[in-house]
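Colleague: Read off the chains here:
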Amino acid sequence: MSRLTDERVKTAQEIIGRFPRKKSALIPLLHLAQEQDGYVAQDAMVHIAELLDLAPAEVYGTASFYEMFKFHPVGKYCINVCTNISCQLVGAWNLLHHAEEHLGIKSGGTTDDGLFSIEDVECIAACTEAPALQVNYRYRYKVTPEAFDAMITDLQNGKLTGEVPPHGTLATVRQETTTAWSNRGSEAQAQVDAR
Amino acid sequence: MSVPTGPRIITSRFDVADGHTYAGYVRTGGYASLRKALSSMTPQQVHDEVKAAEIQGRGGAGFPAGTKWGFLPADVHPRYLVINGDESEPGTYKDRMLMELDPHQLIEGIVIACYALNAAQAFLYVRGEMALAQERLAQALNEAYANNMVGKNICGSNFSVDVTLTWGAGAYIVGEETALIESLEGERGMPRLKPPFFPAVKGLYMQPTIVNNVETLANVPYIVGKGGSEFKSLGAPTSTGMRMFAVSGHVNKPGVFEVPNGVTTFRMLFEAPEYCGGVRNGGKVKAFIPGGASAMWFFPEHLDMALDKPTVDKAGSMLGSGAIVVMDDTTDMVAACWRIVRFFARESCGKCTPCREGTTWLERVLKRMLDGHGRPEDIDLLFEVSESISPGIAWPPRQTTICPLGPSAVSPIASAVRRFRHEFEHYIEHGRPINGVESPFHANAVSHA
Amino acid sequence: MTDTAAPKTTAPATAAPKTTVSVTINGRAVEAKPGQLLIDACEHSGAFVPHFCYHPRMSPVGMCRQCIVEVEGPRGKALVVSCMTPVAEGQVVSTTSEPAKRAQEGVLELLLANHPLDCPVCDKGGECPLQDQAFSHGPGESRYVEEKRHYEKPIPISDLVYLDRERCILCDRCTRFASEVAGDPLISFTSRGNNTQVMTFPDEPFSSYFSGNTVQICPVGALTASPYRFKARPWDLEQVETTCTTCSVGCRTVVQSSRDEIVRYQGVDVESVNWGWLCDRGRFNFESVNSKNRIGTPLVRKDGSLTETTWASALDAAGRTLRVVINDKGAGAVGIIGGARGTNEDAYAWARFADALGITARDAQLGDGLPAEVFSLPQATIAETCASSTIILLAPDLKEELPVLYLRLRDAAEKRKTRIIEFSSRASGLSDYAWKSIRHEPGDQPRVVSEALASAEIAAQLARGNVTVVVGRGNLAESPEFALLAVGAVMNAKPDTRVLPVVRRGNVRGAATAGLSPSAGGDTNSILAAAAAGKVECIVLLGADPLVDMPDADLARRAFASVKHIIAVDTFVTESARHAEVFLPAAAYAEKVGTTTNCEGRISDIAQKITTAGTARPDWMIAAELALELGTDLGISSYAELHDAMTANVPAFSPAADAKAVRHEGVVAVHPSPVRITATPKAAAPRLSHHFRLLVSRVLYDRATGTAESPSLAPLARDAAVHLHPGDAQRLGVPAGADVRIAANGAAVVLPVVLDDSVARGVAFVPFNQRGSDIRQVIRHDVPVTDAVVEAV
Ligand SMILES: Cc1cc2nc3c(=O)[nH]c(=O)nc-3n(C[C@H](O)[C@H](O)[C@H](O)COP(=O)(O)O)c2cc1C
Ligand code: SF4
Ligand code: FES
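Protein chains in written order, with the numbering used here: chain A, 10 to 204; chain B, 37 to 485; chain C, 536 to 1328.
Extracted from the complex, chain A is given alone in its bound form (with noise of 0.2 Å):
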């Protein structure tokens, strides 16, 4: 349970200048909030609301709506099989089962050393390289039974690390440009006078 560190606030601070209104960098700060702890926590809500001047009801309405979004901890590596019907056509369920079978839980479930959950999901956009799954968000294709066990292998022995961060980092890379808002409207008015 964990209010955004300084660091983040800055973060924070930076996105919401991205924006005409603060309410519009709710999801990316939620998203901060799941990087710095795995999961979006309690307090990280009630803090995310003072910085945008909402109300934390609010906050958890459009959190609860998003699937990404975990309120309890989850394993540091979350794997997301594809079902949908384009994995389903090539063995989705087998592969689903196996990975419940070989760590042991079921979807939805978390192994009991924190390390890893699994989660059944829709499409990943990755049809043409069915069975696919994410780990983390980070895509493997054509995964057979050998090649899941093969990574949980490779994920225990930290052999992913630099490909796979922690669950809740998503993207390494981040936009850098803060934009100065307020004269978006009437500078666009005024390059069109120019023309």
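By construction, these hints were calculated from the structure, which means they are not laboratory data. Warning: the hint list may mix true and false statements.
Ranges between beta-carbon positions, derived for each pair [to be verified]:
1) 581/C to 419/B: 30 to 38 Å
2) 194/B to 1226/C: 54 to 62 Å
3) 986/C to 71/B: 50 to 58 Å
4) 419/B to 563/C: 34 to 42 Å
5) 1199/C to 352/B: 54 to 62 Å
6) 15/A to 1278/C: 38 to 46 Å
7) 313/B to 155/A: 45 to 53 Å
8) 189/B to 11/A: 53 to 61 Å
9) 726/C to 147/A: 21 to 29 Å
Predicted, not measured: the structure shown is a model, and the values here were computed from it. Using N, Cα and C, we set each Cβ at its ideal position, and we do this for glycine too.
Following the hints, complete the assembly by docking chains B and C with the ligands onto the known chain A.
Modeller: Same frame as chain A, now just chains B and C with the ligands:
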């Protein structure tokens, strides 16, 4: 089989190792169209080229982009361009490639579009789960800002635009343009009713807004560089240009292909060696989805149809987002139908009663059948509930809902139950699929619903 | 046709633009207003369209999809949701065509699929739109055999409201109300799709002053109010429309009773006042009418304590006292305090009583309002105020004092072109919606207002259109004179400014208009001062409790210590009534008929729903009988006679002469010829830099009788505390929660500190009349502003 050919337009850098970097992009001709537009064309001339190209939107509805741009009311500012990079329609896989492999091309298209639209701000909304696409776009935007391709006085002109990268967090419905706008405003992604909320008039922050798909805009540099009529000449008059299609499922070489639009046929895509190279195991097509999970299914009799919007529309389905899913004759149709219905049930935003309650109900009934607890009256029930979501169960769907998601759940039912009713009846009677069909489930049951 | 009407002319050559839209609804030609929603047009034409999410006072969301109708337009027939489709010329609408009916039935079946159908044990059973529409527009039986959604059964989401998510049909009414109407977005949809629920944030209850409205507008039994839960079944209820007198907004309500006990109030939608909304204090204080502490028998003091007696002997005792005092010391030795809790007629009867005996010292306010001359300034109604282009707020926090007026002003600022300019000593509920919110120290308002109005930006705003000043008593520790001078400053800058006075108590305006105002004699402060000095020997209290309600507590205490005789007319033995020698039990709200006057001067009726407690009588009757006891016949033997006499003799009340006029919307009183404020603005002496200037004002829940005697509301009052700006607290070296000593005017109280950055630096804010130490000890009515030394203890 002679397969029509055309240049690779938007996929041209997919094999260039550094095509996603500024250096790689510029080396391969990038940003020339932007310079051209800013130095020698008026916004109206740019708009005219896009109109002349007659490019149909690649996000699903296929509405001509040039016409859509014309809906912006004059002189209302601020106005926005919103780029829909939420790609989540099952079977669809092309926007992610464009964002990961050629982000500058998209940025160039965005800046040119903003110039044509007199917009000073664009929001690029990327699907939450696409970490690499977000990374590549962020990197590309940083480079583009640093090289004055975005930002103030672009390329020394008096045109300025900001492009803000933002991203979602897992919700298919946010691909629908008004839900996308809600999400961009920090809300739950629930669609708005059109009318009155046509984005071009009352969009983001209730200001005029154009929402375009990633692939649509990625074509803009080419259109401006080569001219709208050149683009138009590449495809059929009724479906212009080159277009990306993702073919997945039971084919030998699933893949994403950029093909001449409107003239290539489904059979060519499935069978030609340069594309998918035939159905797996030498089998036959039992059914295929021509344009994403929302579409009505097609069957072998449709194989020689061209990938042409009006032709496909008239045949009772759509090309949608260019997502083609092939099912061979071993496919369990009840399971396939269930899986797509389950998708819509899980992704309903919950706003409309028929969609929120109806899609879940349909899913439960189908699941019961798969689990061996189907009842004879369930088939009628499926149609009755479908009727409450989509009166008449017709195409294009009539709907009791706000957006087309609810009725989309009816497409697989209407397609599969009508065509393969005996497979459903067999499930109801025997609790398992008919002979010759493979259940996709390991052991006997689905572990999770 | 009267001769002042426009002469009938033939249509001019160029036909005037058509101002209505012609549509056909179920075969009938109907004229609708441009922009009107189909559902509304259908309803007006008598074609009921089933619906759940649509509510005429909130923006449509088209969520439930129940209101589908079939419309034939240029492009053929289509099913549309009538709550989001405006009428269009030539539309042919069917609410009952086969496709429309099929769609309506389909939606209803789907709504019922997951509904628990626990109607027999549901509070809403019998008055439930879902139940009714399932019957009238439903498919008959459900084919849903799957497992229904399960949630924990009713969970409290606030002190007053319970939520049953299994019954909820997700119409977005309560959530929309919370964010759109009340501005308290404390409940929200959570999750998605089939799992969507209404929820609060964990540990953050739906503590809105308006929460009860969500219960009223919930179309099923998902939201229930704890004061009403399981009290009655709808078919047992009897109801009558009336006016709430908890504050001076005068919201229209219905009072509902079961077996002669009040069980519920519900808001009634009147355009001019409350739009159907109520605040929770007004909604739930019906409990006080049912309180066990109600007095229904006359009391007289015997051997030092109040003892039950008969009306005859109580009236005899009261009459004797008055006769003796008047005979010995003259009528100047009698003062009448109160009357604002009664009806116009009650006040009129007591005014006649006073006239007959020559008593001039009478005042319906307790030194906590405004001089009665505010009612003579050019007046604005609530609707006119909301339609102004500028509203200048010189008032207390309206969200705390006149909550439904807050809703109206918030709506005006959010949805109309109205701009609010607020002048206050601390941020109020409206500050966030104000165009400008300007802080001043107590006593400095006239100067700050004059200066602000001189700025070019504000001057330009005032020039844009109508200006209305909303003026009230923002600070009980500050002379009301400053607010009046500030009004004067606005009127100087903008001569056609109009005024909406917002003194809080229910019928202050009516009581003053009826004659209980200090025009000739002294006001309550001077009556009590005279009593303390031994010059007033008898005080008659009409539902007034000066010991608790007077800002100057010391004055009240000294007066009560010295005065020889107190006669109390009240519903409870209050702190003050405890000192009476005779207590005459009065009929309470809903136990008597009459009319009341709200802050804008609107006269509307009050209805009787239950029989009075014991032998309690309406105040007017007590006045008449006491007069007879003293040998004077007021000529009032029935309510009807009284009402007629009042409307005949008080010109302002003449529009109320027709009994029909005071129903529903009511009627606005005749405004006296307006006066103007001519005094030149002045400011209080400056504060010494280490002093704090005291700000004392009301919050919604306090220890007032109606709240304290309502078990559901009483716990909502807070513990007394002083609110300081965090910077000031730091300067004093006191952390939150620490006690400080507040010393002024030769007295001191100790209160815990609350850090509150809505308070201006140098100002100490203390909410009035809360549990704990009483700030009134340091307030003096004759000290214009109170500067205090605040120090850690
Ligand atoms: C339920 C639903 C989901 C959609 N998802 C997407 C999507 O993921 N990506 C997309 O570009 N368009 C999607 N669309 C279409 C958009 O609403 C919109 O038409 C499109 O982005 C417009 O861009 P275009 O004109 O360039 O095609 C979706 C529509 C619906 C109804
Ligand atoms: S049809 Fe479904 S997804 Fe679309 S708005 Fe309605 S509930 Fe949401
Ligand atoms: S009342 Fe129209 S959709 Fe609910």
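Colleague: Check the following: the C-beta atoms of residue 419/B and residue 563/C are separated by a distance inside 34 to 42 Å.
Modeller: holds, 35 Å
Colleague: For residue 194/B and residue 1226/C, compare the CB-CB distance with the range 54 to 62 Å and indicate the outcome.
Modeller: holds, 58 Å
Colleague: Determine whether the Cβ-Cβ distance between residue 15/A and residue 1278/C falls within the hinted range of 38 to 46 Å.
Modeller: holds, 41 Å
Colleague: Lying within 53 to 61 Å: is that true of the beta-carbon distance residue 189/B to residue 11/A?
Modeller: violated, 43 Å
Colleague: Does the Cβ distance between residue 986/C and residue 71/B fall inside 50 to 58 Å?
Modeller: holds, 56 Å
Colleague: Is the hinted range of 54 to 62 Å satisfied by the C-beta distance from residue 1199/C to residue 352/B?
Modeller: holds, 57 Å
Colleague: That 30 to 38 Å hint for residue 581/C and residue 419/B (C-beta), does it hold up?
Modeller: For residue 419/B against residue 581/C, whose Cβ atoms are near 35 Å apart, the range 30 to 38 Å holds.
Colleague: Just to be sure I understand the hint, the distance between the Cβ atoms of residue 726/C and residue 147/A should be within 21 to 29 Å; is that true here?
Modeller: holds, 27 Å
Colleague: Take a look at whether the Cβ-Cβ distance between residue 313/B and residue 155/A falls inside 45 to 53 Å.
Modeller: violated, 25 Å
Hint violations for this structure: numbers 7 and 8, all remaining hints satisfied.
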